[in-house]
Amino acid sequence: MTSLDDLSLTEAAALLERRALTSRELTAACLARAEQRRSLNSVIALLADRAMVEAEDSDRRRAAGAARGPLDGIPLGVKDNILLAGVPATAGSNILRRHVAAYDATAVERLRRAGAVLLAKLNLDEFGMGSSNENSAFGPCRNPWDESRTPGGSSGGAAAAVAAGLCLGCLGTDTGGSIRQPAAFCGVSGLRPTYGRVSRYGVIAFASSLDQVGPLGRSAGDVALLMNAIAGHDPRDSTSAPRPVPDFAAAIGRGVRGLRVGLPREYFELGGCTADVAAAVRDAIAVLEAAGARVSEIALPHTRYAIACYYLIATAEASSNLARYDGVRYGDRVDPGRGLAELYLATRGQGFGAEVKRRILLGTFVLSAGYYDAYYRRAQQVRTLISRDFEQAFAAVDVIAAPIAPTPAFALGEKTADPLTMYLSDIFTISVNLGGVCGMSVPCGLSAGPRPLPIGLQLIGRPFDEESVLAAAGALQEATDWHRRRPPEGGSGRP
Amino acid sequence: MAIGSEQVLHIAALARLELGAAEIAEMQRDLGAILDYVEQLRGLDVADVEPMTHAATLATPLRDDAVVTPPGAAALANAPARAGDLVAVPRFLE
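Sequences listed follow chains A and B, in order.
If you use the numbering used here, the first sequence corresponds to residues 1 to 495, in order.
If you use the numbering used here, the second sequence corresponds to residues 1001 to 1094, in order.
Derived by calculation from the structure, the hints in this document are not laboratory data.
Do not take every clue at face value.
Sample of chain B residues lacking proximity to chain A, with all beta carbon distances greater than 10 Å (derived) [to be verified]:
1. 1004
2. 1005
3. 1021
4. 1065
5. 1083
These stretches of chain A come out as covered by chain B in the derived footprint (C-beta under 8 Å, 3 or more residues) [said to hold, decoys possible]:
6. 236-244
7. 357-368
None of these values were measured; they are calculated from a predicted model.
Cβ coordinates follow ideal geometry from the N, Cα and C atoms, glycine included.
For reference, chain B alone in the conformation it holds in the complex:
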């Protein structure tokens, strides 16, 4: 399936990925080739086949409703920008 550069840009915007001009061309070519390859799945009759969503067949397990303290300081140490005990981000509301 051929994929246009606008379509690559649309998907990249959905995925929040900045792409350079060369990358757009490369992804257009690669995604087109991969989508051509997966076309073969269309040859299978799957009308009555349930989708397999997971390898585990477990019911959702429940755990005790107990407070577990996350590794606060160690986790916060990985934040790229902090303001005190908070993660800092650029202003996004005016």
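Okay, chain A solo, but in the shape it has when bound:
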């Protein structure tokens, strides 16, 4: 048997089912791993005691022949902007440092129902706003492949935890790439489902027309098993789609014979990919072609406008969503003793970090009198054009293949001086959220050099066609072993 730290969720589920492993053993191994890899700072709250109780419950169910399926007894993590009743939910913000969730998010409730062990709340950029996990009030998370580098963001803690073996899968959220980019930077698989596929009930809102919950795992198969548990309509989220939920795991082995894969020429021309990234992505596409996919070039002509469009729409929505943090009903309060208006100003001025303030200000500006039409409405019109690009592309192809990010994980501190430079690193992920389609990141290579870093392939699918994306991801993982590579032990990259 491979080390417990190296097991995929699918492998662990098989061992649990055969009674070759207990959830208690597996959970204890993950908790030990979390202690061992504390330097990553991927965890905001470790739920050790609760997790061991949940593991024992799972073992009892299994012994009684009442196991609830493949996730029963599997230790998982949850990004700390997703609510888990009775446990702090900070969203990586000082303003929620002492906030305790009053109920479970729907996605969490569904994982519980499936018997999962929920073992940690994981680090993130404050309210999901960032691409490097450096905007967390709890300090930056580090990349397990090289601790001098970022794990990506905003689900940096989730991706780092899966990569380093702290848990076998995670729930993240993706508003502009926040599942896919950290998955790519840490060498794990991550799916941003179609908007409406997974309920947002119990998820701390950032930009409500773009936010979506999704899984990160060690393989496409692991991601599919997590999707089977969390997807589906929820009456408590009016934007969740009342559509039947397929068996995502069945899509994994479907193969890609005849699948039409499109390469968006703009992604290869605009983004300034490093040679390593471009080569790894091309190689992965060649693997799909060899497995029977039909590859052709396509156009997504409005790609170059996506970042501008996104940072107007997302900040406008954020400025509205974050109005609720006023120091009255929940969150920290700063009361200078000069009345309610001063309480609001001081609470928000001291509770939010710099990037959140920047986005609230930008969003307030683009919604303000005299600027709404020129900025916000125009951005929404451009969003229509970006969405039409996808519609036209998907008339000719079934899946779009592209890079996730122009570079592998960048260094901590490399892009913090200039917010715009950080925004530009999102060029390949942001259109998916604007267009309301689905997208996935799967490992497809390692960079050259003494400390290799993972590279991710992006697979984009039609709305509610996560299955084709998973089929392509499954075919790639059938033919390559990039997803089995693990970061070097001991956290290289630090003196």
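Once you have looked at the hints, place chain B on chain A.
Chain B only, in chain A's frame:
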């Protein structure tokens, strides 16, 4: 688009955000750079394009008109100041 410090203060007041002097200068610089960057959207002809307001294309769903009890005590436990079962705030009417 250049943005003045009074304009930053005006937006900050709308957003109920207290900013220190250094923050005002920083936000002036950053917002100016971001607004310069988004100027590129002006190059697109969107005269006849409907705005896309949302990714979901659903009609507003209706649910049963049934009372759902919110998690009262747990929710109230998060209030930074309480008076009995109520959330306490500073006096705002004289």
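Evaluation of the provided hints:
With a minimum CB-CB distance of about 12 Å to chain A, residue 1004 of chain B clears the 10 Å threshold, and the non-interface call stands. The non-interface label for residue 1005 of chain B is consistent with chain A: the shortest C-beta to C-beta separation is roughly 13 Å, beyond 10 Å. The beta carbon of residue 1021 of chain B is kept farther than 10 Å from every beta carbon of chain A, the shortest such distance being approximately 12 Å. Annotated as non-interface, residue 1065 of chain B keeps its C-beta farther than 10 Å from every C-beta of chain A; the closest such distance is 13 Å.
For residue 1083 of chain B, the requirement that its beta carbon stay farther than 10 Å from each beta carbon of chain A is met, with the minimum near 13 Å. For the region 236-244 of chain A, the stated coverage by chain B holds: 4 residues have a C-beta nearer than 8 Å to a C-beta of that chain, and at least 3 were required. Coverage of the region 357-368 of chain A by chain B holds. Counting CB-CB distances below 8 Å, 8 residues qualify, and the rule asks for three or more.
Checked against the numbered hints given earlier, this structure breaks none of them.
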